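For the record, the sequence lines run as chains L and S.
Residue numbering for the first sequence follows numbering that gives the first Met the number 0, starting at 0 and increasing by one per position.
Residue numbering for the second sequence follows numbering that gives the first Met the number 0, starting at 0 and increasing by one per position.
Hints are computed from structural coordinates only; laboratory data are not their basis.
Mixed in with the good hints there might be a few duds.
As the list claims (entries may be wrong) - Subject to a maximum C-alpha distance of 16 Å in a straight line, what follows is the list of computed EDC-like cross-link-like pairs (lysine to aspartate or glutamate):
| hint | chain 1 | residue 1 | chain 2 | residue 2 |
| --- | --- | --- | --- | --- |
| 1 | L | Lys248 | L | Asp336 |
| 2 | L | Lys191 | L | Glu160 |
| 3 | S | Lys362 | S | Asp352 |
| 4 | L | Lys12 | S | Glu256 |
| 5 | S | Lys394 | L | Glu83 |
| 6 | L | Lys270 | L | Asp85 |
| 7 | L | Lys184 | L | Asp210 |
| 8 | L | Lys79 | S | Asp321 |
| 9 | L | Lys221 | L | Asp267 |
| 10 | L | Lys299 | L | Asp336 |
| 11 | L | Lys190 | L | Glu160 |
| 12 | S | Lys263 | S | Glu79 |
| 13 | L | Lys191 | L | Glu220 |
| 14 | S | Lys129 | S | Glu251 |
| 15 | L | Lys79 | S | Glu346 |
| 16 | S | Lys362 | S | Glu346 |
| 17 | S | Lys245 | S | Glu256 |
| 18 | S | Lys8 | S | Glu296 |
| 19 | L | Lys248 | L | Asp353 |
| 20 | L | Lys11 | S | Glu79 |
| 21 | S | Lys408 | L | Asp210 |
| 22 | L | Lys248 | L | Asp210 |
| 23 | L | Lys27 | L | Glu86 |
| 24 | S | Lys197 | S | Glu256 |
| 25 | L | Lys11 | S | Asp39 |
| 26 | S | Lys408 | L | Glu220 |
| 27 | S | Lys408 | L | Glu60 |
| 28 | S | Lys472 | S | Glu51 |
| 29 | L | Lys190 | L | Glu215 |
| 30 | S | Lys408 | L | Asp85 |
| 31 | S | Lys472 | L | Asp231 |
| 32 | L | Lys11 | S | Glu106 |
| 33 | L | Lys12 | S | Glu51 |
| 34 | L | Lys417 | L | Glu406 |
| 35 | L | Lys190 | L | Glu217 |
| 36 | L | Lys417 | L | Glu147 |
| 37 | S | Lys394 | L | Asp326 |
| 38 | S | Lys151 | S | Asp193 |
| 39 | L | Lys184 | L | Glu147 |
| 40 | S | Lys272 | S | Glu435 |
A quick note: this is a predicted structure, and the numbers were derived from the prediction, not measured.
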Amino acid sequence: MSYIIDRRLNAKKKSTVNRQRFLRRYRKHIKRAVEEAVNQRSIRDIDQGGQVTIPSRDISEPVFHHGDGGQRKRVYPGNKEFVEGDEFRRPQGGGGGGAGKGKASNQGDGMDDFTFSINQDEFLDFLFEGLELPYMVKKKLRDATQFETRRAGFTNSGSPEKLHIVRSLRAAHARRIALSGSDRKLIRELKKELWALEEATTDLETKARADALRAEIEALEKKVRRMPFIDDFDLKFNNLVRIPVPSSKAVMFCVMDVSGSMTQAIKDMAKRFFLLLYLFLTRNYKQIEVVFIRHHTHAKEVDEEEFFYSRETGGTIVSSALTLTGDVIRDRYPAGDWNIYVAQASDGDNWDGDSDACRQILINRVLPHVQYFAYVEITTGPHQNLWLEYERVREAFPETFAMHQIEDASDIYPVFRKLFARKMEGAA
Amino acid sequence: MSATKKKRKQPLSTGSEWTFELIEAYDREIGRIANGFGLDTYPNQIEVITSEQMMDAYSSIGMPLNYNHWSFGKQFVETEQRYKRGQMGLAYEIVINSNPCIAYLMEENTMTMQALVIAHACYGHNSFFKGNYLFQTWTDATAIIDYLLFAKKYITDCEERYGAENVEELLDSCHALMNYGVNRYKRPKPITADEERKRQRAREEYIQRHLNQLWNTIPQKDTHEEAQEIHFPKEPEENILYFVEKNAPLLEPWQREIVRIVRKVSQYFYPQKQTQVMNEGWACFWHYNLLHGLYDEGLVTDGFMMEFLHSHSSVVYQPPFDSPYFNGINPYTLGYNMMQDIRRICERPTDEDREWFPELAGKPWLDAMHYAMHNFKDESFIQQYLSPTLIRELKLFTIMDDSESPTLKVSAIHNESGYQRIREDLSAQYNLGNREPNIQVYNVNVRGDRSLTLRHYMYNNQPLGESADEVLKHLHRLWGFDVHLESVKPDGTVCAQHHCPPREVLETL
Chain L
0 MSYIIDRRLN AKKKSTVNRQ RFLRRYRKHI KRAVEEAVNQ RSIRDIDQGG
50 QVTIPSRDIS EPVFHHGDGG QRKRVYPGNK EFVEGDEFRR PQGGGGGGAG
100 KGKASNQGDG MDDFTFSINQ DEFLDFLFEG LELPYMVKKK LRDATQFETR
150 RAGFTNSGSP EKLHIVRSLR AAHARRIALS GSDRKLIREL KKELWALEEA
200 TTDLETKARA DALRAEIEAL EKKVRRMPFI DDFDLKFNNL VRIPVPSSKA
250 VMFCVMDVSG SMTQAIKDMA KRFFLLLYLF LTRNYKQIEV VFIRHHTHAK
300 EVDEEEFFYS RETGGTIVSS ALTLTGDVIR DRYPAGDWNI YVAQASDGDN
350 WDGDSDACRQ ILINRVLPHV QYFAYVEITT GPHQNLWLEY ERVREAFPET
400 FAMHQIEDAS DIYPVFRKLF ARKMEGAA
Chain S
0 MSATKKKRKQ PLSTGSEWTF ELIEAYDREI GRIANGFGLD TYPNQIEVIT
50 SEQMMDAYSS IGMPLNYNHW SFGKQFVETE QRYKRGQMGL AYEIVINSNP
100 CIAYLMEENT MTMQALVIAH ACYGHNSFFK GNYLFQTWTD ATAIIDYLLF
150 AKKYITDCEE RYGAENVEEL LDSCHALMNY GVNRYKRPKP ITADEERKRQ
200 RAREEYIQRH LNQLWNTIPQ KDTHEEAQEI HFPKEPEENI LYFVEKNAPL
250 LEPWQREIVR IVRKVSQYFY PQKQTQVMNE GWACFWHYNL LHGLYDEGLV
300 TDGFMMEFLH SHSSVVYQPP FDSPYFNGIN PYTLGYNMMQ DIRRICERPT
350 DEDREWFPEL AGKPWLDAMH YAMHNFKDES FIQQYLSPTL IRELKLFTIM
400 DDSESPTLKV SAIHNESGYQ RIREDLSAQY NLGNREPNIQ VYNVNVRGDR
450 SLTLRHYMYN NQPLGESADE VLKHLHRLWG FDVHLESVKP DGTVCAQHHC
500 PPREVLETL
């Protein structure tokens, strides 16, 4: 006797819990692998899921087993030329007929590292674990200008279009039962009595009694009928409340110097940094816009292609870009509706007299509106006066302004982590 | 063949697509033929699953349900990775020793493969599970699913109550000692899941009370013996997890119950580890014969048989020792050939066979096969039935590897003087007692520091592998006090010691 069952539609992903536990247990290892991956990957697939490799030694489960040594006999198949008594040297290494399979797999030596893949979400989770957008909470409470209407139970008053019919009728029904219950019970009892009398013999006395009962029943039924079908306080209305919601929109400004001193390698590093920021923001906001502003002596808003790949020569006036950023914010992204992030990348070059102006513009026009301003200086040389001016800005706005230096590509991710590391909420 | 030709029937199917009706039809026919060969099986529960579900089943040691643990997740990601990369095909089938016997068919398989799996798993393995003495003695097919359900729920409850991390640590430790959680000789009594739940409460109480007596620190009337001379346990205990469950001084009742669960699961799989060659050999032998039975009746086409024979021969292929694909002796090959060999010896014995197997030659082969299936495990089966013919066919030879000597030595080959020795060597190779280090609980310092001493009785001077210290850490976690492990030579001298916590640390303190 056999039963054939189609299980294909049964719950899948039975192993999900176990898999998550595995990931949790080896969180540190996986994070390290993810960080390495970010540094090595090309920009285009930076946000893909990917292979994670862990040394198998670290995750092996120990059991008692025999080690090398002692005498052991093993039987092998496929003899070709051996005869009894032959002696030969031990084969070196794992290959050949020397080591049995049981040994090799138990000891884990010579085995490949343990490799498996994680998907994009998990990859990003590990990538951005422990990071947070600075001061988003404050923003939510302070600047909330958007409201959302949500249900919040039921009330006894409201406008007619919010009337909840089912609940109202249910309430009316309940009221009628509650208020007329005792009367109807009485009616039932009287009726029973009346029927009993009608069954019985018909003498005058019972007839009088029956009439009295009928009158009483009628009076009671009248009373019950007078009960209103629906009453004012039966009415129930949907209760809707307006709740302020934080804006789910964000705009990210990428500001980059494209003067002659910025080589393609430096721009690539800047791009990586912008990309990380973009990915990070996409995890926090529903809608993100990106504004690319590049500058040499003049600033210009451009599209992505031009931003990263066109080259111009010329001097450098950083303040032009900051002015343009301020203008764009003023014209298109009112701070009440938008979470504004600015990331600026430069090699630190600036026209000497301009750095002071940069500080002024930042302090007066840009920083009051933005959530966070991150400046990275991609250089191996000594800092110039732009850096020094920016340090003064940082003193004035320690919470919204951050700056860091990047020397080569492997610094990008650590610097990014530093900029967005979760801070204690003390400053709030 | 010519006799059957006249009554050839219509083939059951001609294409490679399967349908539920076809599976049913094949199962009916295969079952009919199997019945003719006297295969006694549990009822079959054939479940069609997807490859993803197959991977799930893979990573929970083949069981349809199991408690949660990260190591199963590790296995899952590993399986998934290798499957996706195409390094590994999934097994065609998984079959569970339960009543009804659950067999998984993968939906990707062709009709031929489904029929092969039905013959192999639902009639081959199934009858082995039902008939072999080890399974009859050690496992209870009717209760296992219920027990796993109980175990899963119990462990989930513990996770909620005591924290997933604590449970995980405990399971890690138990898993490290899982191979030492079996009774090799004592027969466990079967018990239903309901009873299990009822007993669990009672057990908690009892053990705790019993323990308190063992560890009672209130001084008792002094006997003449020195405290040190009390030997506990009186006899060495091979089932380390059992010993821990019953005697570890610091475990909470729920921890004891989890130790017990791991122990029970281990015990359930113990017969499978001991009968791999026989079990696979038996199943291969029968899928081969059952499907040929279908072919002889004309129920399957030539194309079906070609596909089947292709899979069959790759399953029972044995790469020679010097091939890059060599990965030990293929249990399917060995088992299948030995089973076929028994039939050959019964039906067409040579003079050599008559000399080696006087009790088989010329006897009815079916009875002989059933007898072999019922009453042996790998070790004894090889000892009893490995024939010179097969040794020659597989060209078996023995290599002696003595770490004292600089060279390896060929100690026996497939010739007159070697047959008996190869048989013994191969049999010993399948003796679980030789494959795993023999480690037993030797003593507990009951009146002193409560330290636990294990003894490793060395086999052929083989030392322990380097993970022994790690395992001791786990045992230390369970036991709660110092743990020592001594490797002992047959003459009684202790030649190596492991300690947890390590001795050096203790001395510097």
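Hints, verified against the model:
no.: 1; hint: Lys248/L to Asp336/L; result: holds (7 Å)
no.: 2; hint: Lys191/L to Glu160/L; result: violated (46 Å)
no.: 3; hint: Lys362/S to Asp352/S; result: holds (12 Å)
no.: 4; hint: Lys12/L to Glu256/S; result: violated (28 Å)
no.: 5; hint: Lys394/S to Glu83/L; result: holds (13 Å)
no.: 6; hint: Lys270/L to Asp85/L; result: violated (67 Å)
no.: 7; hint: Lys184/L to Asp210/L; result: violated (19 Å)
no.: 8; hint: Lys79/L to Asp321/S; result: holds (10 Å)
no.: 9; hint: Lys221/L to Asp267/L; result: violated (90 Å)
no.: 10; hint: Lys299/L to Asp336/L; result: violated (24 Å)
no.: 11; hint: Lys190/L to Glu160/L; result: violated (44 Å)
no.: 12; hint: Lys263/S to Glu79/S; result: violated (28 Å)
no.: 13; hint: Lys191/L to Glu220/L; result: holds (15 Å)
no.: 14; hint: Lys129/S to Glu251/S; result: violated (38 Å)
no.: 15; hint: Lys79/L to Glu346/S; result: violated (30 Å)
no.: 16; hint: Lys362/S to Glu346/S; result: holds (7 Å)
no.: 17; hint: Lys245/S to Glu256/S; result: holds (10 Å)
no.: 18; hint: Lys8/S to Glu296/S; result: holds (6 Å)
no.: 19; hint: Lys248/L to Asp353/L; result: violated (33 Å)
no.: 20; hint: Lys11/L to Glu79/S; result: holds (14 Å)
no.: 21; hint: Lys408/S to Asp210/L; result: violated (122 Å)
no.: 22; hint: Lys248/L to Asp210/L; result: violated (80 Å)
no.: 23; hint: Lys27/L to Glu86/L; result: violated (49 Å)
no.: 24; hint: Lys197/S to Glu256/S; result: holds (13 Å)
no.: 25; hint: Lys11/L to Asp39/S; result: violated (34 Å)
no.: 26; hint: Lys408/S to Glu220/L; result: violated (112 Å)
no.: 27; hint: Lys408/S to Glu60/L; result: violated (34 Å)
no.: 28; hint: Lys472/S to Glu51/S; result: violated (36 Å)
no.: 29; hint: Lys190/L to Glu215/L; result: holds (10 Å)
no.: 30; hint: Lys408/S to Asp85/L; result: holds (6 Å)
no.: 31; hint: Lys472/S to Asp231/L; result: violated (75 Å)
no.: 32; hint: Lys11/L to Glu106/S; result: holds (14 Å)
no.: 33; hint: Lys12/L to Glu51/S; result: holds (8 Å)
no.: 34; hint: Lys417/L to Glu406/L; result: holds (15 Å)
no.: 35; hint: Lys190/L to Glu217/L; result: holds (10 Å)
no.: 36; hint: Lys417/L to Glu147/L; result: violated (35 Å)
no.: 37; hint: Lys394/S to Asp326/L; result: violated (87 Å)
no.: 38; hint: Lys151/S to Asp193/S; result: holds (14 Å)
no.: 39; hint: Lys184/L to Glu147/L; result: violated (50 Å)
no.: 40; hint: Lys272/S to Glu435/S; result: holds (12 Å)
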